[in-house]
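Novice: Sequences and hints are given; from them, build the entire structure.
Throughout, our numbering is defined as the position within the sequence shown, counted from one, plus 5.
Quick caveat, the hints were computed from the structure, so don't treat them as lab data. The reader is advised that the hints may include incorrect statements.
[Claimed, not checked] Just the calculated beta-carbon pair ranges, DEER-fashion:
no., residue 1, residue 2, range
1, Val-13, Glu-87, 20 to 28 Å
2, Val-89, Asn-24, 40 to 48 Å
3, Ile-7, Glu-85, 18 to 26 Å
4, Glu-16, Phe-66, 18 to 26 Å
5, Glu-56, Ala-28, 29 to 37 Å
6, Trp-39, Val-77, 19 to 27 Å
7, Val-84, Lys-8, 15 to 23 Å
8, Arg-19, Pro-43, 19 to 27 Å
Using N, Cα and C, we set each Cβ at its ideal position, and we do this for glycine too.
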Amino acid sequence: VIKTERDVILEERRSRIDNNPQAVLDEEVDATLWQNQPYRIPVIGWMQEMEQLNRTDAVAFYNKYYRPNNVVLIVAGDVEPETV
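Specialist: Laid out in structure tokens, this is it:
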């Protein structure tokens, strides 16, 4: 399952970024401009990092971020907090 999904995101990156000279330039400019900030990392990720993703990485990501203490509940409308 991991290999199949990794291949999907690699193809997405190739089609959206690597085959588009403007997108490649934008990525490099952002990486240079934001060297010490999280903004330097592309949303889809760097190709060399994506190629190395494995099951251990996926499980570690899941365990770190998919936790009850990371949940945010947003309620909008005419409701009382007690009702929610």
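Novice: Take the hints in turn and mark each one as holding or not.
Specialist: For each hint, the structure was consulted:
no.: 1; hint: Val-13 / Glu-87: 20 to 28 Å; result: violated, 44 Å
no.: 2; hint: Val-89 / Asn-24: 40 to 48 Å; result: holds, 47 Å
no.: 3; hint: Ile-7 / Glu-85: 18 to 26 Å; result: violated, 45 Å
no.: 4; hint: Glu-16 / Phe-66: 18 to 26 Å; result: holds, 20 Å
no.: 5; hint: Glu-56 / Ala-28: 29 to 37 Å; result: violated, 18 Å
no.: 6; hint: Trp-39 / Val-77: 19 to 27 Å; result: holds, 26 Å
no.: 7; hint: Val-84 / Lys-8: 15 to 23 Å; result: violated, 45 Å
no.: 8; hint: Arg-19 / Pro-43: 19 to 27 Å; result: holds, 24 Å
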